[in-house]
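**Q** Residue numbers (our numbering), protein chains in the order written: chain A, 459 to 1014; chain B, 1226 to 1577; chain C, 200 to 442.
FYI, nobody ran anything at the bench for these hints, they're computed from the structure. Among these hints, one or two may not hold up.
Using 30 Å as the maximum straight-line C-alpha spacing, the simulated DSS-like pairs for lysine-lysine come out as follows [said to hold, decoys possible]:
| id | chain 1 | residue 1 | chain 2 | residue 2 |
| --- | --- | --- | --- | --- |
| 1 | A | 704 | C | 402 |
| 2 | B | 1508 | A | 704 |
| 3 | B | 1337 | B | 1396 |
| 4 | B | 1396 | A | 704 |
| 5 | A | 704 | C | 271 |
| 6 | C | 240 | C | 286 |
| 7 | A | 488 | B | 1508 |
| 8 | A | 580 | C | 271 |
| 9 | A | 704 | A | 580 |
| 10 | B | 1337 | A | 960 |
| 11 | A | 488 | A | 960 |
| 12 | C | 335 | A | 580 |
| 13 | B | 1332 | C | 271 |
| 14 | C | 286 | C | 271 |
| 15 | B | 1508 | C | 335 |
| 16 | C | 271 | C | 335 |
Some chain B residues close to chain C (C-beta under 7 Å, calculated; not the full set) [stated by the list, open to error]:
| id | residue |
| --- | --- |
| 17 | 1410 |
| 18 | 1504 |
| 19 | 1511 |
| 20 | 1515 |
Bear in mind the structure is a predicted one, so any value in this text is a computation, not a measurement. Yeah, the Cβ is synthetic: ideal placement off N, Cα and C, and Gly gets one too.
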Amino acid sequence: MNTSIVDTLIPPPDEMVDRPNYLNSEFGLKSWLLTRDHKRIGILYLISVSMFFALGSFFALLIRLELLTPEGDLMQPDTYNRVFTMHGVVMVFFFLIPAIPSVLGNFLVPLMIGAKDLAFPKLNLASWYVYNLGGLFTLWAIVNGGLDTGWTFYTPFSTQFSNSYVISTALGIFITGFSSIFTGLNFIVTIHRMRAPGMSWFRLPLFIWAHYATSLIIVLGTPVVAITILMVAAERLLHLGIFDPKLGGDPILFQHLFWFYSHPAVYIMILPAMGIISELIAAFARKRIFGYRFVAFASIAIAVLGFLVWGHHMFVSGQSLYAATVFSVLSMLVAIPSAVKVFNWTATLYEGSISYETPMLYALGFIGLFTLGGLTGTMIATLGIDVHLHDTYFIVAHFHYIMVGGTIMAYLGGLHYWWPKITGRMYPVFLSKLSALLVFVGFNLTFFPQFVLGYLGMPRRYWAYPPEFQVLNVLSTAGASILGVGYLLPMFYFAWSIRYGKRASENPWGAVGLEWDTSSPPPTENFHVIPVVTRDPYDYTSEEVHRRTTEEAPVG
Amino acid sequence: MEQELPLFPESASTLAPQVDALFLAWSAISIAFTILIAVLIVYFMVRYRRQSVDEVGQAERAPAWLEVAWSIIPLIISLAMFAWGAQVFFEIYRAPKNAVEYWAVGKQWMWKFQHPDGHREINTLHIPVGVPVRLHIQSEDVIHSVFVPAFRIKQDAVPGRETSAWFQATKPGVYHLFCAEYCGGEHSKMTGSIVAMEPEDYQVWLAGGPVGKSMTASGADLFESLACYTCHRPAEETVAAGLAARAPRLEGLYGSEVRLVDGRSVTADEEYLRESILNPAEKIVSGWQPIMPTYQGQVTEEQLSQLLAYIRSLSATTGAPAAPAPTPPISPISPTPSAPRDPAVPARTEGQ
Amino acid sequence: MASTLTDSHAHVSAHVPAHVPGDPQHHRSLQHHFETLEQQKDASTLGMWLFLVTEIMFFGGLFTTYVVYRSKWPLAFMEASHSLSWKLGAFNTAVLIVSSLTMALAIWAAQVNRRKMQVGFLMLTMVLGLTFLGVKAVEYQDKFEHHHVPGPHFEWHEPLPEGVTSNQVEVFFSIYFIMTGLHAVHMICGIAVLGVLAFYAWKGRYDSTYYNPLECTGLYWHFVDIVWIFLFPLLYLLGAHVH
């Protein structure tokens, strides 16, 4: 009864045409490239973002291979510098920041609040084009030889000393920033103005709260990094003296401006992931999220506090001891809303009705890894420890626990959870559980040794290292290969399921939420009739679930 | 060495045990919380696994006291750890008064060190055990960072300003020195060693070391060659020469309070002296004309350190001015009595 | 199957209004995904305000940089500022303020359904914007001729007070060119949008029932104007009392 993405490029035979949905409403490449449907744009983003993820992973693979041996014997140091820089640039700006908001957020925000589309559909499409344009600039830089400044662009290295493609990469990031701004602006307006009748703020799913908080950060933070990056490019191009100490400039000012955005950017990456986890836990424990309002406000609190802590990246830069003290205590405060979320998720499981579907495995994995990632975050926010740990592998391990163990786990969990809604097909169960297991094991094996390496004192961005660090590095590389398999599997079986997967029902999980009230895949305007909301979110009752799970038997 | 699997770094400074205690305490807290969450998750997963297709969870009973409790407890823990961490931090960055002064200059991709008596080394720094060492850190090009894991210290070298770090080694040995801030091409080769030696051995080593002028002596030479002394000279000498004083005297200046024309008063610390040399018009001392030219671009970072060392030395002996210098001083007062020097010993090159 | 969603979680309201000509729910400018024209207007106005917030943050980064260096080298900034013509700056300020007025009048013309006046005021606003850019071009050219453009060809021959280096003056000009340059880019975008609006206004798209694009563009235009009102004293009027 449903159609897949592949089918829509070629009109399917008559007998397969069924209820109109957003995939079969129009056909041909043009219908995709000029679409204003938020669901189609979500899929366009899924394709772009996956390509950048593959590229970033390839660089990660090269890094891990180089670090197998203490001598830098695979590539030249200069090549290695470019590889880790491009790994960072691609993953941060072209995968982690856009992944969840632009793919799942785009698809789900209007569905979850009962709107026909985002407030500005053309802007939404423009955002995808702008994203790709920025990506092209960056790819051009990569193809020509890449960038070697680290993703942080620290001056004066980036402005005066680097011999790589700083300007084109900076422009790529500048341009891509606009795509984030367009998306964030669209979400805020949509959530404010387009909610279905009865959808009050405290009936919003937590996914929406998380995206609202994320959008606030995007709108407030992205312009600052845009202008900062632009100044770096201008300084390099025109030999201005804004950040160059030789011309009287101040390199530390760059760090302030850069981290003013780039620390909140970390929350752009993790907040939507937290939103997904709230949805998954509620759906697979069949229970209202424990302390709904606390979790909702925790998102906003994280967004606000996130703007006040940037200086914790600069504890050893020579800033005043008192400034460092203030930044440290504020950073500690961010731990509180994060801890509140973890406790509430765990408490939601209590007296729940827990099923072990694949998305739930990812969600539970997320809680564990995020807990460790968050706690190590408070460790390095502690001044006395950070002096030793700053710029070591401990930092690398910490932010990979948040970014990979947190964001990517949640992203994969969310993709599995909403895959039936997006494509109308189920993914293969066994393979998906296997891949969840591989990701969890591979991830820990890759990054846990890096905590130890960091405390031992191995600095990050090293292409060669003292031999006593080798055993731990080999463990890490071994883990990365398992992790790689865990990521490759879903790519294949998702693609496979588009054509061959079991057809999904409207609501395969018996979940509550407006997105499960419409057909799979949804029609172009999302709902056949605009819904009126009369109940709180995650309001599970036996009768409801009984009706949903029995009435909607999957159609083969 | 090759097959070892170290799990904890060597601890070789007075600061290291403090940092380790803080780290281990935090680790214990982290592990305890992670295990708590993991055990709860596994227990709930088993205990509340779904028994039938249409089963749902129990209705929520979220008592407010629970939310408050699990907000307050982490808050208290993290604030306590913050306070502890801040205390250690201040310890790490506040050098004791009696610290012996060393200099480090980072440039792509090497570290240049200088001992108080003028010994120079590249990428290796010999220091005595049991003596507090204050390292003045500068950079000639991009941002670098001095990182000695065994001492648990790290400090960025920022071009255009001087930073400093201190440590006191507790046991002899050879310890890694890393550049921790990514600085381009050979960043991972910008490494070296800190060789901590028993003080007697250090003296022996020094005695075999190369001849070099001390920082203070080099500073005094510069003071002459840049003609600083034409304005900054002892008052009695100015009077003797029948001239009007044109600039404040520098003896006893370092560490003192200086009143500025605009009524403010500042402490004459390194930052102030540095600024006064590079940007004299920035802070004009009360009672003097802004006639000093800028030395921005005319002195290198290294020379600046030498000048600062010299100016500091003028305040080293309490009250008494430095040796009156009809010609600029050739035997400046060493800032640290514990660092002897012996110019008679032939040179020895130190390198990687 | 759509009916299933009505059961308990959500129930349907009768959202099938008959088509009534002149009904604001079926205005020709109402986009399909909005329910009413008012909702559409609210959304685009909120969107525009949010966009202006991003603009404030964008220029905020520059103002921060300005503040840092001005407090570091007040004398150098004063010297450099004196080389700018405050008369041209003041003239441009006046031009922009008048253009804000004509922009507001264009919106008023739409509200009272006067098409030609609408087009006229929009064109006038564009002309004033172009005047501003023309004056700016003259100023830039002057800077080029005097080698006051930062970079390898920067030269500074005026006498400088003690302690002020030409590097510091150059930093002022770096900031000057980035700030006024980005402001000019905003002006150019604004003029382009005004051109499109003038075209549609001429076609008669905007009237008292629908003039939101004019209003949003007006917000943007006023914002760009306000940025200049900050830039003018910060760049042109430093320490004017000294000379």
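**Q** I'd like to know which numbered hints this structure contradicts. Please list them from smallest to largest.
**A** As far as the earlier hints go, 1, 4, 6, 7, 8, 9, 10, 12, 15, 17 and 19 are violated by this structure, in ascending order.
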